[in-house]
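There are 2 protein chains.
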Amino acid sequence: MADKLTGNLLVGQSGGPTAVINSSLCGVVQEAMKHEQIQGIYGAVHGVEGILKEQMIDLRQESAETIDLLRQTPSAALGSCRRKLKESDYGRILGIFQKYNIRYFHYIGGNDSQDSSYQISKLATDRGYELRVIGVPKTVDNDLDVTDHSPGYGSVARFIAIATRDAGLDTEAIGVVDTVKIIETMGRNAGWITAGAALAKEEPDDAPHLVYVPERTLDLDQFLSDVQRVYDRLGYAVVAVCEGLKNKKGESIVASGSAIDTDSFGHKQHGGVGDFLCDVIKNKIQLKARCDKPATIQRVSMIAASSVDLAEAYQVGVVAVREAVAGKTDFMVTLVRQPGKTYSCTTGLATLVDAANKEKKLPDHFINPEGNGLTEAFLDYARPLIGGPLPRYARLKKRLVKREG
Amino acid sequence: MADKLTGNLLVGQSGGPTAVINSSLCGVVQEAMKHEQIQGIYGAVHGVEGILKEQMIDLRQESAETIDLLRQTPSAALGSCRRKLKESDYGRILGIFQKYNIRYFHYIGGNDSQDSSYQISKLATDRGYELRVIGVPKTVDNDLDVTDHSPGYGSVARFIAIATRDAGLDTEAIGVVDTVKIIETMGRNAGWITAGAALAKEEPDDAPHLVYVPERTLDLDQFLSDVQRVYDRLGYAVVAVCEGLKNKKGESIVASGSAIDTDSFGHKQHGGVGDFLCDVIKNKIQLKARCDKPATIQRVSMIAASSVDLAEAYQVGVVAVREAVAGKTDFMVTLVRQPGKTYSCTTGLATLVDAANKEKKLPDHFINPEGNGLTEAFLDYARPLIGGPLPRYARLKKRLVKREG
Numbered sequence: 134m135a136d137k138l139t140g141n142l143l144v145g146q147s148g149g150p151t152a153v154i155n156s157s158l159c160g161v162v163q164e165a166m167k168h169e170q171i172q173g174i175y176g177a178v179h180g181v182e183g184i185l186k187e188q189m190i191d192l193r194q195e196s197a198e199t200i201d202l203l204r205q206t207p208s209a210a211l212g213s214c215r216r217k218l219k220e221s222d223y224g225r226i227l228g229i230f231q232k233y234n235i236r237y238f239h240y241i242g243g244n245d246s247q248d249s250s251y252q253i254s255k256l257a258t259d260r261g262y263e264l265r266v267i268g269v270p271k272t273v274d275n276d277l278d279v280t281d282h283s284p285g286y287g288s289v290a291r292f293i294a295i296a297t298r299d300a301g302l303d304t305e306a307i308g309v310v311d312t313v314k315i316i317e318t319m320g321r322n323a324g325w326i327t328a329g330a331a332l333a334k335e336e337p338d339d340a341p342h343l344v345y346v347p348e349r350t351l352d353l354d355q356f357l358s359d360v361q362r363v364y365d366r367l368g369y370a371v372v373a374v375c376e377g378l379k380n381k382k383g384e385s386i387v388a389s390g391s392a393i394d395t396d397s398f399g400h401k402q403h404g405g406v407g408d409f410l411c412d413v414i415k416n417k418i419q420l421k422a423r424c425d426k427p428a429t430i431q432r433v434s435m436i437a438a439s440s441v442d443l444a445e446a447y448q449v450g451v452v453a454v455r456e457a458v459a460g461k462t463d464f465m466v467t468l469v470r471q472p473g474k475t476y477s478c479t480t481g482l483a484t485l486v487d488a489a490n491k492e493k494k495l496p497d498h499f500i501n502p503e504g505n506g507l508t509e510a511f512l513d514y515a516r517p518l519i520g521g522p523l524p525r526y527a528r529l530k531k532r533l534v535k536r537e538g
Numbered sequence: 134m135a136d137k138l139t140g141n142l143l144v145g146q147s148g149g150p151t152a153v154i155n156s157s158l159c160g161v162v163q164e165a166m167k168h169e170q171i172q173g174i175y176g177a178v179h180g181v182e183g184i185l186k187e188q189m190i191d192l193r194q195e196s197a198e199t200i201d202l203l204r205q206t207p208s209a210a211l212g213s214c215r216r217k218l219k220e221s222d223y224g225r226i227l228g229i230f231q232k233y234n235i236r237y238f239h240y241i242g243g244n245d246s247q248d249s250s251y252q253i254s255k256l257a258t259d260r261g262y263e264l265r266v267i268g269v270p271k272t273v274d275n276d277l278d279v280t281d282h283s284p285g286y287g288s289v290a291r292f293i294a295i296a297t298r299d300a301g302l303d304t305e306a307i308g309v310v311d312t313v314k315i316i317e318t319m320g321r322n323a324g325w326i327t328a329g330a331a332l333a334k335e336e337p338d339d340a341p342h343l344v345y346v347p348e349r350t351l352d353l354d355q356f357l358s359d360v361q362r363v364y365d366r367l368g369y370a371v372v373a374v375c376e377g378l379k380n381k382k383g384e385s386i387v388a389s390g391s392a393i394d395t396d397s398f399g400h401k402q403h404g405g406v407g408d409f410l411c412d413v414i415k416n417k418i419q420l421k422a423r424c425d426k427p428a429t430i431q432r433v434s435m436i437a438a439s440s441v442d443l444a445e446a447y448q449v450g451v452v453a454v455r456e457a458v459a460g461k462t463d464f465m466v467t468l469v470r471q472p473g474k475t476y477s478c479t480t481g482l483a484t485l486v487d488a489a490n491k492e493k494k495l496p497d498h499f500i501n502p503e504g505n506g507l508t509e510a511f512l513d514y515a516r517p518l519i520g521g522p523l524p525r526y527a528r529l530k531k532r533l534v535k536r537e538g
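In order, the protein sequences belong to chains H and R.
Position one of the first sequence corresponds to residue 134 (our numbering), numbered consecutively onward.
Position one of the second sequence corresponds to residue 134 (our numbering), numbered consecutively onward.
One or more of the hints may lead you astray.
Remember, identical chains collapse to one label, so a pair may be satisfied in a single copy or spanning two.
Claimed, not checked - With a Cα cut of at most 25 Å, we get these calculated BS3-like pairs of lysine-lysine:
#1 137 x 461
#2 421 x 186
#3 217 x 493
#4 421 x 530
Source of the hints: derived by calculation from the structure; they are not laboratory data.
Pulled out of the complex, with its shape left as it was, chain H reads as follows (with noise of 0.2 Å):
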């Protein structure tokens, strides 16, 4: 056991709010509570952007049950920031922490979050002034490398999961309008949440017919004849697509694809990848074709939160302050997935360098050969994380009446 190291505790979130990033600030809260070493617990105003400017707020003013609260509360509560710091920034910071007795620091975020948490842990160091960092990860993007996954995703994949099922029944009702039904999800570089769409299908007809992730380039001639494949058989698609789909050059399609447009002399284009090929199968194949983007609802959505993913996120919220209490520091919390057939994971520990700097994709065995769906083993990954089955609706068996005459 370390020494008892008495001071403040700093907690910030950062990057794109999700379903859950408040349930870990609940976790640390929480657990610093307990702790009598933790004087004072302090939440950073938007991040690095509030310390920098001393803007902090006394979370031991807030109610307790202010506090419990924010396990069912979505966005982030404190404010969040996207600030890439500067190496004079980080300078700065470790000022602010002195001046303010900041001994524990727990940033709650995604790759750049865990990059800023390193460089101040290093410097910490480097001046012999005793800080303990403890990373949380977030983030809906399931980018970061070290953790089998992270807190936010398995709320965003099951509000995709459930709206893209929603959608697929009423395209199936109304296909006669909406003949293809396109959903756009959020994922700049990693088709993760486009992927969650797939946890939608129970049987083989069910939407999404198509899934392209950004792990693989468009071609929008093989696009257009897999629509043109679905529609023959069914009668309608439902096509699931990553707002950063990219052509083979590395374009984003939106960009890329006004030579097939009618626009071709490259205006600006409202819409994104959605609109943008809803447009195109208009244009190529002549289908009625609409676009669902939830966007920003997709990510902060309370309503379809994962239960596991509400859970874990508070975990890993509590286990960075108890490994900071215990003397830990510059490390992220991890979830570590447990072998068996019952869904378990326990939380771990990575280094902030390692967490910070690896970008986890799609793995190849996670996408079809065709690169128009996602395997079994994908689905074996993800389905315990959206925490639970989708709800179950009615199926008609559809025997039909006898024709008369």
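Let chain H serve as the given structure and place chain R on it in line with the hints.
Chain R only, in chain H's frame:
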């Protein structure tokens, strides 16, 4: 009490699927099973499309459990359609009714569907074919005039309210990146769905800060100055807009906007009103802007369905069959709000011709004088329909730590 009319019942679903149209179907089927004069219980596959093709499902072949599950199943389980019938179709339909001894007809839908029912009912009377036609209201657009509100509306309003609140928290947390958030809702001519966003607001500074409905023409300069004013006060802005927004000439603002946009060549623009307004904001007042467009997800999402809406949708189905069995015909079931402080609704009847031909828009006193928000009168009207308060979230007091030195 009318003579017992023995024969088969046909139920169909029409127009855009909703979260609750299957609850109405369930109500029709479960009530029909209680009446011995109703023999076959048939479901039209894709509404009038299926009738014309003599494609009907035998709903007595479905298990009681499946029928019951319809109450929690979104979209239109029988399949829906948008076919506008021609004069000659009505004769064909009546011929098919005679051939299959259809004596009870319940079409679940909006204005057009009630008009189809009206035409079929009139022709049956003219030809002396005894037929009981009682329409069942359904439309997320809430534009049926003869009923206090329409089943489907409460659920889409709840979805939009929750989405707006969550997206608002997201924007508040990370306004530095997504400074202006636009939520584009459905609604071609009436702003009921967009108005639902107003239910997200609990405190004066909560999202949405601005709401634009098609009952008022959109002036882009006024819009930009509204957005700028909110931004100047809060540092971010959340705006709900209707997909059907029009300019003073009655044109869609997307089609009409090329003059002020970068593209002045009249080229086809991807995306809708929301993406268009984001680009206008970026170009004219240089704020970052982003659009959430849940599209069909909003109308079918069961995860945000209103318990009141689900119960009422079931009830109007039940009552339609009861009234038909009691001898009534040529009516649509309506919802009649009762006076008093606590919300309660009974059912009534409106003639099909009245139900078909009146479109209900937001009345003037539901829209604020500035044309950028809703009034208390609207909130009083809509709040009971969404089935109880929105989920409770934590609100931090945010007492700042005293600045050192």
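Here's how the hints hold up against the structure:
{"no.": "1", "hint": "137 x 461", "result": "within (12 Å within a copy, 82 Å between copies)"}
{"no.": "2", "hint": "421 x 186", "result": "between (52 Å within a copy, 23 Å between copies)"}
{"no.": "3", "hint": "217 x 493", "result": "within (20 Å within a copy, 51 Å between copies)"}
{"no.": "4", "hint": "421 x 530", "result": "neither (28 Å within a copy, 50 Å between copies)"}
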